[in-house]
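S.K.: Starting from the known structure of chain A, fit chains B and C onto it as the hints suggest.
Residue numbers (our numbering), protein chains in the order written: chain A, 2 to 70; chain B, 43 to 286; chain C, 3 to 356.
Wrong hints could be hidden among the right ones.
Below, a list of computed lysine-lysine pairs in the DSS-like style, where the Cα atoms sit at most 30 Å apart [stated by the list, open to error]:
id: 1; chain 1: B; residue 1: K128; chain 2: C; residue 2: K157
id: 2; chain 1: A; residue 1: K11; chain 2: B; residue 2: K57
id: 3; chain 1: C; residue 1: K208; chain 2: A; residue 2: K11
id: 4; chain 1: B; residue 1: K57; chain 2: C; residue 2: K220
id: 5; chain 1: B; residue 1: K85; chain 2: B; residue 2: K49
id: 6; chain 1: C; residue 1: K157; chain 2: C; residue 2: K4
id: 7; chain 1: B; residue 1: K183; chain 2: B; residue 2: K260
What the hints contain is simulated information worked out from the structure, not anything from laboratory work.
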Amino acid sequence: MVIVSVNESKCKGCALCVSACPKKIMKLSDKANQSGQYVAVCSDPPSCIGCKCCGIICPDDAITIEKED
Amino acid sequence: MAVIYQKSAYLNDVKRHYCPGCSHGIAHKIVGEVLEEMGLLEKTIMVAPVGCSGLLYDYSNTDGIHALHGRAPAVATGVKAVHPDKIVYAYQGDGDLISIGTGETVSAAARGENITVIFANNSIFGMTGGQMAGTTLVGEKTSTCRDGRNPQVDGYPVGVCEMLAPLQGAKYIARASLHDVPHILKAKQMIRTAFEYQLNNRGYSLVELLCACPTNLKMSPTDACRWVGEEMTKTFPLGVFKEE
Amino acid sequence: MKQLMKGNEAMAEAAVMAGCRYYFGYPITPQNEVPEYMSWRLPQVGGVYKQAESELASVNMLFGAGAAGGRAMTSSSGLGISLMQEGISHICACEVPAVILNVARGGPAIGSIQPGQADYYQMTRGGGTGDYHMIVYTPGNLQEACDLIQLAFDKADQYRNAVAVYVDGCIGQLMESVEIQPRTPDPKYQDKPWAATGWDGKSRPKARFTSVFMDAAKCEAHNDHLQEKYRIIRETETRLQCVDTEDADIVLVAYGTTARICTSAKRMAEKAGIRVGIVRPITVWPFPYRQVQEACAHAKAVLCVEMSAGQMLDDVKIALNGTKPSYLYYRLGGMMPAAKDICREIVRLNEEVR
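With the rest of the complex left out, here is chain A:
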């Protein structure tokens, strides 16, 4: 089980994680942060394979990934 958590105040809605995710499950939510940017969200956690691409490409350290060992 992998949990991708997005820090909503740091996320700027650039969607690079959306394009980088090989499973196409990172999406921009319809929730805006206080800067008015639609923050990213992992839309289907069970499908996440823990490849960390979303974290690696994120320019703003908004993504932390945890994995149940």
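M.R.: Frame of chain A, contents of chains B and C only:
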């Protein structure tokens, strides 16, 4: 639960002013990860440029010195003279390094200063609103070459790695790109090699990173990264240009 | 023990004996012997000599070394000092200690390689941006130059500011017997927790040097802080020498080698029965305004003698504030004023104001 990916200790939590999708954040991250993995954070002194990344010292957990526009290599030279045992690196954009700072860039490399230069090349002056820079591509539209860079008038982009590699003082010169994950990981390896060169007193090292400036390219971050991967790499081929 | 030394070399040795360990320079006449000397002398004491690609680069290397906590210096002349102006304003804004030696030549621009004093505005008003200042010493001879260079390093540390020693080419090129003593850096200012040395994250705040402020209010607050520093410097660091000014009819105001020539002119004029005093600023920033006015209180006229077209006269007029008539005698372009010509001016002036 084990954390398998998180922010590098190199970066603090100060909110960064960069535009959404700007590659500077990625560059800072992988430099920070390398320094952290090599256990060098406490030995590092960073010299920041003038430009979008000019506030890096407020984002990083190292001593930071803000150099005047183009002068980071000279400032780093002065710091390294006082602390030859510390890791001194200059982070510069293309305006800083190859427009106003060409003299300092070439001279520091020619002297073989044992410093590392991290060169974020996004082919444009970002902070000032998207003017043509030393690495703007032929045909690339900017606010000071609106119909696209015309070599007859505006000359040609400068290949910094190609220019510095022949200098005997330059020991490690490489170019990578930050436009997608595989290339980011490759860039990180090059950055690691560069800092290993400095750690082992082997002389001047520089890693050029092709970066995206979505705002001034007037593209979405994803399209800007695609443009870097497809267009910029034609003018700025990736790879290791010097490894002595 | 006294030694016969060339000016530039003596000043370099004085710096080394005051603990200067980092020098960044570039060739330019009439100060070439300073980098030459430092290039072999500094390695002898575990120091570093770097020949920069330009004076613009050398002042930025100086900034880096100072920010890193090093006792560092550069030297230049004329156009090289012009290239340093942005760097000097940044050094002062970032509050970094640095010593800058200007061995001035004839101007403007490339000018001539003979002695000059036409960098006065540039040194005292600054060519960089904004409200910043350097302490600027103007030694009258080689011994004083060596002593003031050593003092400059401590003042730079004390105020975390650039400090300049501003001599003319004559002092740099002549040979004179001088005594250079080792001078231990002032212990009060050698602990530099603000320096960039690598941050362990806890034992001190992170070292941070910048002159940019995104928030104008913060920039103004920083300016106020600097202005307070300059106020203290104005009050405590002004230096001058007054000779026979108490009962003089004509007072000469001059600095550097020009003041030395004025001493001969004074003797000549005294033979003609004219009472002459000399006021010699030793700091031209902060300029001794109050002391100059006091020294001229008895005078009938004040004659400003300089190797520039009235640049110091402006400060003399500020000092006098209309209380006395002031006149100017100058030579330019590297030509030096002759004692007999200054004496002729004194005699003419004495007639005019009798």
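S.K.: Would you mind marking each hint as holding or not holding in the structure?
M.R.: Tested hints:
1. B:K128 - C:K157: Roughly 28 Å between the alpha carbons, so the hint for B:K128 and C:K157 holds.
2. A:K11 - B:K57: Between A:K11 and B:K57 the Cα gap is close to 7 Å, so the pair holds against 30 Å.
3. C:K208 - A:K11: holds, 23 Å
4. B:K57 - C:K220: Cα-Cα ~18 Å, so holds.
5. B:K85 - B:K49: It holds: about 20 Å lies between the C-alpha atoms, which stays within 30 Å.
6. C:K157 - C:K4: holds, 25 Å
7. B:K183 - B:K260: holds, 10 Å
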